[in-house]
Amino acid sequence: MTQSLHNTLPTTMFRCVLVLFKLFIVSASGAKILGAFFVPSISHQVVFQPIWKELSLRGHEVTVLTPNPLNDRSLTNLTEIDLSFAYEIVRSGNLQGTLQKDIPIKTIVQSYFKLFGEVVKAELEHSEVQALIRDQSKSFDLVIVEYMHPTFTALSARFKCPWVGITSLGAILPVYDNIGNPSHPVLNPDILLPFTGGLGLYERLVSVYYSVWFRYFYYYHIVPDQDQVVKKYIGEDLPYLGDIEKTISLLFLNVNPILHPIRPNVPSVIELGKMHIRTKSPLPKDLQQSLDKATEGVVYFSLGSNVRSANLSLELREKIITALSELPYTVLWKWEEDHLPNQPKNVIINKWLPQQDLLTHRNVKVFVTQGGLQSMEEAISGGVPLVGMPFFGDQPLNCMKMVNLGIALSIDTETLTSEDLKKTIIEVAENPKYRKRVEEIRELLFDVPATGLEKAIWWIEYVIRHKGAAHLRSPAVDLPFYQYYLLDVIGLVLAGVAVVLFIARKLFKLFFGNADNFGKRTLNILFFFSIMQTLAVNLHSDSMIFIHINKLKIQLKT
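In UniProt numbering, the protein residues as written are 1 to 558.
Since the hints were made in silico from the structure, they are not lab data. Misleading hints may appear alongside valid ones.
As the list claims (entries may be wrong) - Derived lysine-lysine pairs resembling DSS-like cross-links, with alpha carbons at most 25 Å apart:
id : residue 1 : residue 2
1  : Lys345    : Lys423
2  : Lys160    : Lys32
3  : Lys455    : Lys246
4  : Lys106    : Lys121
5  : Lys293    : Lys351
6  : Lys334    : Lys345
7  : Lys32     : Lys53
8  : Lys319    : Lys422
9  : Lys319    : Lys423
10 : Lys293    : Lys345
11 : Lys232    : Lys138
12 : Lys280    : Lys436
13 : Lys345    : Lys422
14 : Lys334    : Lys422
15 : Lys121    : Lys232
16 : Lys433    : Lys53
17 : Lys231    : Lys160
18 : Lys351    : Lys334
19 : Lys114    : Lys246
20 : Lys423    : Lys334
21 : Lys138    : Lys231
22 : Lys455    : Lys280
23 : Lys467    : Lys138
24 : Lys433    : Lys423
25 : Lys455    : Lys53
26 : Lys285    : Lys351
27 : Lys345    : Lys285
28 : Lys455    : Lys32
29 : Lys455    : Lys467
30 : Lys231    : Lys114
31 : Lys319    : Lys334
What the hints assert, rightly or not - Pairwise CB distance ranges (calculated):
id : residue 1 : residue 2 : range
32 : Gly491    : Lys433    : 52 to 62 Å
33 : His184    : Thr451    : 38 to 48 Å
34 : Tyr482    : Leu510    : 34 to 44 Å
35 : Tyr87     : Gln343    : 23 to 33 Å
36 : Ala495    : Arg204    : 20 to 30 Å
37 : Pro182    : His471    : 11 to 21 Å
The beta-carbon is built from N, C-alpha and C at its ideal position, and this holds for glycine as well.
Turn these sequences into a full structure, and let the hints steer you where they fit.
Rendered as structure tokens:
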């Protein structure tokens with residue numbers, strides 16, 4: 001027995017070593033992934049950062065173009081190209097000042113794409129980005145693109161690999177078109193339109209007109225213009241940018257059916273949601289003490305990363321200061337400068353605050369927000385009701401949704417008064433129905449089989465394993481627009497109706513045109529209708545015969 005054990009021991013040890021070697025090979029042979037997240041906005045980047053961090057931790061070799069690098073040296077197989085200079089382009093473009101609510105939606109869309117075009121061009125001109133693109137030894141198994149703009153999708157063609165798109169919110173109409181996802185202008189208006197719920201006649205007209213105009217603007221202005229940018233900075237021999245867009249494998253949306261309109265999605269569209277929500281971290285000591293002492297309650301005031309409180313008009317700022325000074329609460333205000341003119345005694349300012357952790361403190365009663373999606377999710381996660389002050393983009397729509405959910409009240413900044421703001425904040429702070437409703441929504445939001453990050457990682461590795469997801473491609477992508485919208489069918493039906501009306505008119509003239517007395521006209525009328533009846537009966541008989549023949553064929557086959 002001892003001899004037998006001695007003989008089998010080396011074999012067993014060899015097998016263990018072999019298994020460990022295989023495990024090592026599997027863990028070390030991760031895919032090469034390129035991520036391009038171009039929008040200089042922290043509210044966008046915090047959605048994507050967990051993805052590239054987790055992919056790196058799972059052994060993949062990850063290269064990322066981003067304005068907000070993690071700069072985490074422990075992630076040894078992560079390479080980040082810092083594009084933070086793009087923030088200055090956005091600041092100089094004064095997005096907050098040009099995109100007010102009273103500006104036509106067409107002007108807002110044109111301003112967005114003009115600014116995005118400048119940002120993308122500057123990022124592509126960056127020396128490290130150009131070095132990456134021109135390096136012929138570089139290869140990738142997958143490209144992940146922030147799909148709010150078409151240009152960076154061309155990286156998939158440059159490196160000859162599949163690509164997936166991702167957004168930090170919903171998607172614009174052309175993005176849905178390029179993956180074959182249905183977009184009904186009444187049921188699912190574009191995310192840039194401030195419409196939610198049942199649309200009235202005027203809103204339906206606006207949505208239909210906008211959906212036609214936006215597609216024309218995108219496909220005949222933006223894509224051709226950006227195709228020239230692609231040819232110049234990524235590769236002259238690449239396919240047309242519009243064709244590259246249609247090669248998308250999957251689309252990730254940071255949305256969920258609780259906070260966003262219900263819509264149909266094809267299998268290649270994956271809804272994530274709560275991508276940036278994490279476990280609670282300790283607050284800075286001074287902030288913790290300030291919150292603990294504010295037993296009367298705390299109002300947290302922040303307009304996010306894209307709306308600077310310091311850039312508000314003097315009139316609006318004074319109204320806000322007056323309202324906050326009259327509140328019976330401590331106010332924490334994210335104010336981007338060192339000094340707040342006429343700062344009330346109950347207001348504490350700070351250039352940056354750990355918002356997600358702050359909102360979990362028991363003394364926070366209300367969150368006054370511009371209505372960003374990430375802020376909304378963080379407030380619900382912390383169980384804090386809101387007061388919305390939307391400015392542009394998806395903010396008005398988000399605020400309307402919060403009000404409809406019963407977790408917030410919203411104020412129009414154009415008509416805001418100090419008294420209205422004060423009363424609104426106190427109503428949300430003191431009325432328990434808002435906090436109770438937030439807690440109900442939180443339970444719905446977190447009752448899911450998998451987190452957004454888990455879904456994103458699984459599907460990304462799915463695309464890598466199968467070298468794309470062509471089997472999930474919707475046939476709608478390849479349909480000409482006239483077939484997709486049944487224009488040929490509608491045209492044929494209208495043509496048929498026109499022919500019938502034309503024949504009827506000719507027959508009517510033939511029988512009644514020369515009748516010169518009542519008797520003849522009466523006989524002609526009777527004769528005309530008898531002919532029409534005969535035609536109708538014959539048509540019905542022919543159709544019935546055709547149906548019976550088809551039934552007989554089916555029976556014979558079976």
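Hint check results:
1. Lys345 with Lys423: holds, 19 Å
2. Lys160 with Lys32: Satisfied, since the Cα-Cα distance of roughly 13 Å is no more than 25 Å.
3. Lys455 with Lys246: holds, 23 Å
4. Lys106 with Lys121: holds, 22 Å
5. Lys293 with Lys351: Since the Cα atoms of Lys293 and Lys351 sit roughly 21 Å apart, the hinted pair holds (cutoff 25 Å).
6. Lys334 with Lys345: holds, 16 Å
7. Lys32 with Lys53: holds, 14 Å
8. Lys319 with Lys422: holds, 10 Å
9. Lys319 with Lys423: Cα-Cα ~13 Å, so holds.
10. Lys293 with Lys345: Measuring from Cα to Cα gives roughly 15 Å; hence the hint holds.
11. Lys232 with Lys138: holds, 19 Å
12. Lys280 with Lys436: holds, 21 Å
13. Lys345 with Lys422: holds, 16 Å
14. Lys334 with Lys422: Holds, at roughly 18 Å.
15. Lys121 with Lys232: At roughly 10 Å apart (the allowed maximum being 25 Å), Lys232 and Lys121 satisfy the hint.
16. Lys433 with Lys53: violated, 39 Å
17. Lys231 with Lys160: Between Lys231 and Lys160 the Cα gap is close to 16 Å, so the pair holds against 25 Å.
18. Lys351 with Lys334: It holds: about 6 Å lies between the C-alpha atoms, which stays within 25 Å.
19. Lys114 with Lys246: holds, 23 Å
20. Lys423 with Lys334: Holds, because 21 Å separates the two Cα atoms, which is no more than 25 Å.
21. Lys138 with Lys231: Distance ~19 Å between Lys138 and Lys231 Cα, so the pair holds.
22. Lys455 with Lys280: holds, 21 Å
23. Lys467 with Lys138: Satisfied, since the Cα-Cα distance of roughly 18 Å is no more than 25 Å.
24. Lys433 with Lys423: holds, 16 Å
25. Lys455 with Lys53: Holds, because 15 Å separates the two Cα atoms, which is no more than 25 Å.
26. Lys285 with Lys351: holds, 16 Å
27. Lys345 with Lys285: holds, 21 Å
28. Lys455 with Lys32: holds, 19 Å
29. Lys455 with Lys467: holds, 18 Å
30. Lys231 with Lys114: Holds, because 19 Å separates the two Cα atoms, which is no more than 25 Å.
31. Lys319 with Lys334: Holds, at roughly 17 Å.
32. Gly491 with Lys433: 52 to 62 Å: Between Gly491 and Lys433, where Cβ atoms are some 54 Å apart, the hint holds.
33. His184 with Thr451: 38 to 48 Å: Between His184 and Thr451, where Cβ atoms are some 30 Å apart, the hint is violated.
34. Tyr482 with Leu510: 34 to 44 Å: holds, 37 Å
35. Tyr87 with Gln343: 23 to 33 Å: Once the Cβ atoms are compared, 27 Å apart, the range 23 to 33 Å for Gln343 and Tyr87 holds.
36. Ala495 with Arg204: 20 to 30 Å: Hint holds: Cβ distance 28 Å, inside 20 to 30 Å.
37. Pro182 with His471: 11 to 21 Å: holds, 20 Å
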